[in-house]
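**Q** So the chains spell out like this:
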Amino acid sequence: DAGITQSPRHKVTETGTPVTLRCHQTENHRYMYWYRQDPGHGLRLIHYSYGVKDTDKGEVSDGYSVSRSKTEDFLLTLESATSSQTSVYFCAISEGSGGRHNEQFFGPGTRLTVL
Amino acid sequence: AQSVTQPDIHITVSEGASLELRCNYSYGATPYLFWYVQSPGQGLQLLLKYFSGDTLVQGIKGFEAEFKRSQSSFNLRKPSVHWSDAAEYFCAGEAAGNKLTFGGGTRVLVKP
Numbered sequence: 398d399a400g401i402t403q404s405p406r407h408k409v410t411e412t413g414t415p416v417t418l419r420c421h422q423t424e425n426h427r428y429m430y431w432y433r434q435d436p437g438h439g440l441r442l443i444h445y446s447y448g449v450k451d452t453d454k455g456e457v458s459d460g461y462s463v464s465r466s467k468t469e470d471f472l473l474t475l476e477s478a479t480s481s482q483t484s485v486y487f488c489a490i491s492e493g494s495g496g497r498h499n500e501q502f503f504g505p506g507t508r509l510t511v512l
Numbered sequence: 159a160q161s162v163t164q165p166d167i168h169i170t171v172s173e174g175a176s177l178e179l180r181c182n183y184s185y186g187a188t189p190y191l192f193w194y195v196q197s198p199g200q201g202l203q204l205l206l207k208y209f210s211g212d213t214l215v216q217g218i219k220g221f222e223a224e225f226k227r228s229q230s231s232f233n234l235r236k237p238s239v240h241w242s243d244a245a246e247y248f249c250a251g252e253a254a255g256n257k258l259t260f261g262g263g264t265r266v267l268v269k270p
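Top line first, the protein sequences correspond to chains A and B.
The first sequence lines up with residues 398 to 512 when you count with the numbering used here.
The second sequence lines up with residues 159 to 270 when you count with the numbering used here.
Incorrect hints may appear among the rest.
Cut-off 25 Å, straight-line C-alpha distance, at most; resulting in silico cross-link-like pairs (DSS-like, lysine-lysine) [as the list claims (entries may be wrong)]:
(1) B/K226 <-> B/K207
(2) B/K257 <-> A/K454
(3) A/K467 <-> B/K257
(4) A/K450 <-> B/K257
Simulated DEER-style distance windows between Cβ atoms [to be verified]:
(5) B/W241 <-> A/V449: 40 to 48 Å
(6) B/H240 <-> A/G400: 37 to 45 Å
(7) B/L214 <-> A/R406: 34 to 42 Å
(8) B/A159 <-> A/T474: 21 to 29 Å
(9) A/D451 <-> B/S210: 26 to 34 Å
(10) A/T414 <-> B/G211: 46 to 54 Å
(11) B/H240 <-> A/T410: 36 to 44 Å
(12) B/T188 <-> A/E456: 17 to 25 Å
Facing chain B, from chain A, some residues (calculated, C-beta under 8 Å) [claimed, not checked]:
(13) Y428
(14) G437
(15) H438
(16) L442
(17) G448
(18) V449
(19) G460
(20) Y461
(21) D470
(22) S491
(23) N499
(24) Q501
(25) F503
(26) G506
It should be emphasised that the hints constitute simulated quantities derived from the structure, not laboratory data.
Beta carbons: idealized from backbone N, C-alpha and C, even for Gly.
This is chain A alone, in the form it adopts within the complex (with noise of 0.2 Å):
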């Protein structure tokens, strides 16, 4: 399996708290992710990083921010977390380089609910 870790890997807060959640990599990939899981819509992409430093929005992006100061980790964070923010999150690395190099491997989720 590659190695890739989530923490925490279940969350319960409240409205209006601020949210961190860790993705950590020990396979020194170039390209990270961020994914919610909900019922009927597959995953969505949130965030991904090309880089330390070096991040760009997916399709589900609003309410949400990342950060990547090492290539090991990358960060997401709710300013300000809402009920409709309640979801499975994944994160997920992939080399990057290119054709058959650029499947991605995935963490095991944080399951995150929002009261």
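Given chain A, work out where chain B should sit, using these hints.
**A** Showing chain B alone in chain A's frame:
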């Protein structure tokens, strides 16, 4: 806009029977295509991938998929399912920029 569609939300199949999961894509050019499987409470595991060349792709766990450009499809098949194949399956496509677009998923139930 780029999209991946899985028309079947749920499929129930008897153990030992064959399985086919449908996936259709809408891209300007032929994307890279992937099938992932997710067991309950787990992350996603790559089953197989198509980049170019042979349109019949073999994957892990006895799965295969066939790319059909004329139908914009990439259907997943398994000749004989096992109870352990009960899971949710996701088709995904990548056109450019190292970003995947996922279908909504198909949940497979296996009857004994």
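**Q** Each hint: holds or not?
**A** Here's how the hints hold up against the structure:
no., hint, verdict
1, B/K226 <-> B/K207, "holds (14 Å)"
2, B/K257 <-> A/K454, "holds (11 Å)"
3, A/K467 <-> B/K257, "holds (21 Å)"
4, A/K450 <-> B/K257, "holds (18 Å)"
5, B/W241 <-> A/V449: 40 to 48 Å, "holds (45 Å)"
6, B/H240 <-> A/G400: 37 to 45 Å, "violated (29 Å)"
7, B/L214 <-> A/R406: 34 to 42 Å, "holds (38 Å)"
8, B/A159 <-> A/T474: 21 to 29 Å, "holds (28 Å)"
9, A/D451 <-> B/S210: 26 to 34 Å, "holds (28 Å)"
10, A/T414 <-> B/G211: 46 to 54 Å, "holds (50 Å)"
11, B/H240 <-> A/T410: 36 to 44 Å, "holds (39 Å)"
12, B/T188 <-> A/E456: 17 to 25 Å, "holds (21 Å)"
13, Y428, "holds (5 Å)"
14, G437, "holds (5 Å)"
15, H438, "holds (6 Å)"
16, L442, "holds (6 Å)"
17, G448, "violated (12 Å)"
18, V449, "violated (16 Å)"
19, G460, "violated (19 Å)"
20, Y461, "violated (16 Å)"
21, D470, "violated (18 Å)"
22, S491, "holds (6 Å)"
23, N499, "holds (6 Å)"
24, Q501, "holds (6 Å)"
25, F503, "holds (4 Å)"
26, G506, "holds (6 Å)"
In summary, the numbered hints that this structure violates are 6, 17, 18, 19, 20 and 21.
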